[in-house]
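Asks: Order-wise, the sequence lines are chains A and B.
Last residue of the first sequence: 270 in this note's numbering, with the numbers rising by one and none dropped.
Last residue of the second sequence: 1266 in this note's numbering, with the numbers rising by one and none dropped.
What the hints contain is simulated information worked out from the structure, not anything from laboratory work.
Certain hints may be false.
[Claimed, not checked] Here are the simulated DSSO-like pairs of lysine-lysine, each with C-alpha atoms no more than 30 Å apart in a straight line: (1) Lys-1121/B x Lys-177/A; (2) Lys-1041/B x Lys-53/A; (3) Lys-16/A x Lys-5/A.
[Unchecked claim] Under 7 Å between C-beta atoms, here's a sample of chain A residues computed to sit facing chain B: (4) Leu-146; (5) Lys-150; (6) Leu-151; (7) Val-172; (8) Thr-176; (9) Gly-184; (10) Met-185; (11) Arg-192; (12) Val-257; (13) Gly-261.
A virtual CB, placed ideally from N, CA and C, is assigned to each residue, including glycine.
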Amino acid sequence: MSGVKHYFTVFGYYAKLAIQRQLEYPLFLVSWLLMIPTQYFAGIWMLRIIVDKFQPLEGWTFNDLAFLYGLGLLSHGLVVVFFIPTWGTESAVLRGEFDRLLLRPLNVFFQFITGYFNFIGLIDLIPGIVIFLYAAHAVGFNWGLLSILKLVITIIGGVLIRGGIYTIVGAVAFWTKRSGNLIGMTIATLERTTMYPLTLYPYVVQVVLTFLLPIGFISFYPAESFLGKTASLELPVDMTIGTLIVGLVCMAVAYMVFRQGLRRYESAGS
Amino acid sequence: MRAYGYLMKMRMLTALAYRFDVWIGMIGDIILLAASVFIWKAAYGGDILGSGASVIGLNGMITYTVVSTLMASVFSTGVQDTIYHQVRDGNIALDFMRPLNLLAIYLSEDLGNIVSSVMNKAIPLVLVATLLFGFPMPDSTIAAVLFIISCILSFLILWLMSAMVGLVAFWVSELGNLGMVKDAFVRILSGSLIPLWLFPEWLQQVSAWLPFQYTYQLPLSVYIGLMKPEAALRGMGVQLIWIVLLGGLLSWIWSRARGKVMVQGG
């Protein structure tokens, strides 16, 4: 147990350092504070325009879509806060940054992930919280204890799935020395597949996004269940539990891939 | 012998990894494109069509989306990042010592990027988009020609705006990269994602007085034939007016920015 406590203490120090580093130039936050909310509020506003001028998308009204969009954004925001180092695995490999981490008597994956607590990422959570609260109100979300618990578990599961996928994709750099563009592609994919109903896409794509890359569990299937829609995927357990299990499996696989990759790590050339 | 074999293998893998990387970047564009197309398909689906469908049909909308993605993948306005980084790192002082017009240097760099993007991104994107959704046909040959001319003017407007935002770094580099903020606004107000004719009336009226819709929506409307040649020529006239206005503004800011560097002593 003392080991776990030690890790928490270290995480606390790392986070404090990272926050101090990021607050060194407080005005620097301004451009992010202008851009991120603009981008996401514009995204949801465009969905509103499409629904208003056309029709609900595959039976999803604007409020339903906003609920899905908000739920997706919540786990996205948390991943940006906690897992952003995975986006930079390529440069960490190229610059030989793992040398430093390998020399310390702590788990390398832990050091890598917690090495940069992305305080600025909290900005991504602002539109997520606003849109989700609006949509939850609009669809009459029941704020009972059980629903809140389900919501929290769903978000944790979503963060684990996203974090796991980013870890695996980033770790490709251990083998190929490149994963920057691959990460960019994954970010684009995750954005478009967690914020819109999966049923918009062809059946093949839905199958891939459920079994091969379990992206559907991040927000789509849980949103269906919260909104009381007919489930597109039948599970023997509650969808909340399903999301958590998928998340844990994703993270476990990601950890193994990362460990395998680290064995291929050969430090910087020059 | 083994050593030479190893070198050969490594060289081959590096080259392959690079090509693979270029393709991956393109797949990202395809995913964004496909997501938009499927949203339009759902919006136009079924028998009941909303008021939004009255302007153009589904096929026109898909062509609009595909060509818009192509334009975005080709238009390179690295100038805003370049100026921002050069100012932040202080390298701009060295750049000023080059015996060439600095803005012209940045413009030529971006033009070079465009040519390589046409080969590396646009052509593969067209091929894949054609396989998935059919070839995005222009309304007529004249429409295609006017589209290309209008695109050149569009790029100039985008480039001038980027250069201007980049220059802001001379005064407020601690505000971070405002170029990203500008990009977010351009994406929305240019009609690159959703055509402006679907926007609320008041916003359409406001944007008629802004340069944004002349960057994407105008050439795209020409391409799909929503704007007939006479209207297209009038639109290109407006594009020219914007280029003159923005160009004038840019050279004014530029002369002020140069003075700023002298004051800082580089």
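Asks: Is the interface hint for Lys-150/A satisfied, with its Cβ closer than 7 Å to some Cβ of chain B?
Replies: 28 Å, violated
Asks: Hey, does the Val-172/A contact hint survive, CB to chain B under 7 Å?
Replies: At 10 Å from the nearest chain B Cβ, Val-172/A fails the 7 Å test, so the hint is violated.
Asks: Given Leu-151/A as an interface hint, is its Cβ closer than 7 Å to any Cβ of chain B?
Replies: 26 Å, violated
Asks: Holds or violated: is the Cβ of Thr-176/A closer than 7 Å to a Cβ in chain B?
Replies: 5 Å, holds
Asks: Would the stated hint for Val-257/A survive a check requiring a Cβ distance to chain B of less than 7 Å?
Replies: 18 Å, violated
Asks: Let me know if the C-beta of Gly-261/A comes in closer than 7 Å to any C-beta of chain B, holds or violated.
Replies: 15 Å, violated
Asks: Per the CB criterion, is Arg-192/A less than 7 Å away from chain B?
Replies: 4 Å, holds
Asks: Using the nearest Cβ pair, does Leu-146/A come within less than 7 Å of chain B?
Replies: 33 Å, violated
Asks: Taking 30 Å as the top limit, are the C-alpha atoms of Lys-16/A and Lys-5/A close enough?
Replies: 17 Å, holds
Asks: Regarding the pair Lys-1121/B and Lys-177/A, is the alpha-carbon distance no greater than 30 Å?
Replies: OK: Lys-1121/B and Lys-177/A at ~22 Å, within 30 Å.
Asks: Would you check whether Met-185/A satisfies its interface hint, that is, whether its CB is within less than 7 Å of any CB in chain B?
Replies: Holds - the Cβ of Met-185/A comes within 7 Å of chain B, reaching about 4 Å at its closest.
Asks: Against chain B, is Gly-184/A within 7 Å by beta-carbon distance?
Replies: 5 Å, holds
Figure legend: structure checked against the earlier numbered hints; hints not met, in rising order: 4, 5, 6, 7, 12, 13.
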